[in-house]
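2 protein chains.
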Amino acid sequence: MIKLVIDCMGGDNSPSVNIEGTLKALEELKDLHVILCGKEDQIAPLLEKYKYDKERVEILDAQDEITCHDSPVEAIATKKESSLVKSLMLLKKDDSVNGLVSIGSTGAIISGGIMKIGRIKGIKRPAFCPILPTMNGGIVGICDSGANVDCSPLFLHQFALMGSLYMERAYGISKPRVALLNIGLEEEKGDILRKETYPLLKEDTSINFVGNMESRDFLSGNYDLVVCDGFAGNVLIKSTEGACLEMLKLLKKTFYSSLKNKLGALILKKDIYKIKDQMDYNNYGGAVLLGVKKTIVKGHGNCKMKSIYHCVKLAYTIEKNNLLAAIEEAINKNELVEE
Amino acid sequence: MIKLVIDCMGGDNSPSVNIEGTLKALEELKDLHVILCGKEDQIAPLLEKYKYDKERVEILDAQDEITCHDSPVEAIATKKESSLVKSLMLLKKDDSVNGLVSIGSTGAIISGGIMKIGRIKGIKRPAFCPILPTMNGGIVGICDSGANVDCSPLFLHQFALMGSLYMERAYGISKPRVALLNIGLEEEKGDILRKETYPLLKEDTSINFVGNMESRDFLSGNYDLVVCDGFAGNVLIKSTEGACLEMLKLLKKTFYSSLKNKLGALILKKDIYKIKDQMDYNNYGGAVLLGVKKTIVKGHGNCKMKSIYHCVKLAYTIEKNNLLAAIEEAINKNELVEE
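Sequences listed follow chains A and B, in order.
When the count follows this note's numbering, it moves up by one through the first sequence with no breaks and lands on 339 for the last residue.
When the count follows this note's numbering, it moves up by one through the second sequence with no breaks and lands on 339 for the last residue.
So that you can see chain A by itself, here it is in the shape it has in the complex (with noise of 0.2 Å):
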């Protein structure tokens, strides 16, 4: 059995998408069980609505919510009522819950995951991991993509570890080839946080090491996981989301600029669909906390039913493959705890 606990509070369309997409994947694995944490007098009434099985699901009450406007840290030490709060307690003091889902607030989940759940034995700094889609139809990891700013070559070879077993272990990709995102190619580039990581990650043969990779591949699906600082990462990422919006943004003005672009689109408009669902981040799972004691993932705050569905997903197979027992033995084997 896997239990996890659903934060249904903080995202755009909460708690219905919450609730929705948890229910399909509870159809699905019939061995999840799920407690659904925020406003009960909100969540039961939605709940009716569904055919499921009562077994399998409880409600935890949290009259409170956290939102993207309250402060991260300042939230979780102080809203104690809140539907993230609750979920972490629960998380943290219930050795049969093995994990937790929330759209909520990234800040909020990143520093309540660190704050409340703690670092698995030998972890320097819990590393956030979401991935992207890829041009040719595959995903790309980022690791980290934001939790820490400033970092060491030994937090840079940690979150190559468990990125790399992540990969492995969420998704079913076999020797993940881990990159080190770099300005240049050659083994000399970049600054010195980059030029000392690199023989880190060159030596360590328990990763699949492909060496630096440039920001303009990201995309090209040559790489399954990408090892950086979160500053970078998050540049990376966000540069990446937003060229490809934008993108998207001046070819629908394209279309719909005359009668004939109209009739071009109307034409073509499946196949761009196409396109767009391939980007479409509610067809992946959301990002996950990797590091800390338990399995953490987040979801995009706007995010549609399908979204909470693929989180759900991807916390059941994380417990399912023992990825934080085999994050905390990589870690010291390696002997990595030492700086």
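The reader is advised that the hints may include incorrect statements.
One copy or any two copies: either way a pair holds, since identical chains are not told apart in the list.
Only pairs whose alpha carbons sit at most 30 Å apart, straight line, appear in this in silico DSS-like list of lysine-lysine [said to hold, decoys possible]: (1) Lys195 x Lys79; (2) Lys39 x Lys276; (3) Lys313 x Lys270; (4) Lys249 x Lys175; (5) Lys116 x Lys79; (6) Lys260 x Lys249; (7) Lys252 x Lys274; (8) Lys306 x Lys253; (9) Lys189 x Lys304; (10) Lys320 x Lys175; (11) Lys189 x Lys79; (12) Lys24 x Lys51; (13) Lys270 x Lys253; (14) Lys121 x Lys189; (15) Lys195 x Lys238; (16) Lys49 x Lys24; (17) Lys189 x Lys80; (18) Lys333 x Lys39; (19) Lys92 x Lys189; (20) Lys80 x Lys54; (21) Lys249 x Lys189; (22) Lys262 x Lys92; (23) Lys202 x Lys124.
Hints listed in this document are in silico derivations from the structure and should not be mistaken for laboratory results.
Here the structure of chain A is known, so what remains is to put chain B in place on it, guided by the hints.
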């Protein structure tokens, strides 16, 4: 009179595009003089094809060439007969030569500019500043985009001052909106470098600092200059270019995927080309190495004639508008000399 030395080698289509683009600029700018540097036996016959003012064109023979396969620093030190080194030496020694335009190896141009020409008084680190087209038809500059991977807050402050003056004097943008690349909009966001740079920019009344910018808004048109260290700048610019190119590739693939789509694409063709044209760097001048004692402009290595033409015009405009003197004055007035 503005006198520029044009490195005619080092590009994919050199020296023919270099010559053609330069002559086009020469025709337009009546007080421009150029020295074409490169293999005379290649340049002279090409020149014969054109009608131009022979009084304003010289050739400086250079039989060697620096390629992108050369180590930049080593090549500058050893390839004394290369077109780039000979151009740089002329620029250094001849007071009447104002600037240099090259489409050769970026690394060699940056190293050569710093080593041979030297820094403007007070400048800690010269910065490489390219521009990108924004989605609303404007442009945005990035300073630094790769010359300095390890930076201090003072370096970034100087980049902001130089870049702001550059956007103003080269592109006529009054009070350029200067933003600090960061992982969030709030003042307290970011790593140590960003946290220490923010107050420097905020307090400097000589620049129009508009706060932090997230990388997803890079092409929005809301900013004129983005300030960052060279590592983050390189990640930003290459991931943005990479994502745009990948999207165009995906689109092209869709257009050719069926007969029906080909028809739709045919209807839209003209306007889709407009998007491609809007994103085409050939329509803009190249990047500039800011903070060295003479004007150095670098164009894309695989650029077309039109791009060289814009690069020559850019170098000319920079000199006409006394950018370098303005930088020297601003840096020393602001007492940004001491760390």
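We went through each hint and held it up to the structure:
no.	hint	verdict
1	Lys195 x Lys79	between (42 Å within a copy, 27 Å between copies)
2	Lys39 x Lys276	neither (34 Å within a copy, 50 Å between copies)
3	Lys313 x Lys270	within (28 Å within a copy, 45 Å between copies)
4	Lys249 x Lys175	between (37 Å within a copy, 28 Å between copies)
5	Lys116 x Lys79	within (13 Å within a copy, 60 Å between copies)
6	Lys260 x Lys249	both (18 Å within a copy, 23 Å between copies)
7	Lys252 x Lys274	both (14 Å within a copy, 13 Å between copies)
8	Lys306 x Lys253	both (28 Å within a copy, 27 Å between copies)
9	Lys189 x Lys304	between (41 Å within a copy, 29 Å between copies)
10	Lys320 x Lys175	within (19 Å within a copy, 57 Å between copies)
11	Lys189 x Lys79	between (45 Å within a copy, 22 Å between copies)
12	Lys24 x Lys51	within (10 Å within a copy, 74 Å between copies)
13	Lys270 x Lys253	both (17 Å within a copy, 14 Å between copies)
14	Lys121 x Lys189	between (33 Å within a copy, 28 Å between copies)
15	Lys195 x Lys238	both (24 Å within a copy, 20 Å between copies)
16	Lys49 x Lys24	within (13 Å within a copy, 72 Å between copies)
17	Lys189 x Lys80	between (47 Å within a copy, 25 Å between copies)
18	Lys333 x Lys39	neither (44 Å within a copy, 60 Å between copies)
19	Lys92 x Lys189	between (42 Å within a copy, 29 Å between copies)
20	Lys80 x Lys54	within (28 Å within a copy, 81 Å between copies)
21	Lys249 x Lys189	between (35 Å within a copy, 28 Å between copies)
22	Lys262 x Lys92	neither (55 Å within a copy, 57 Å between copies)
23	Lys202 x Lys124	within (20 Å within a copy, 34 Å between copies)
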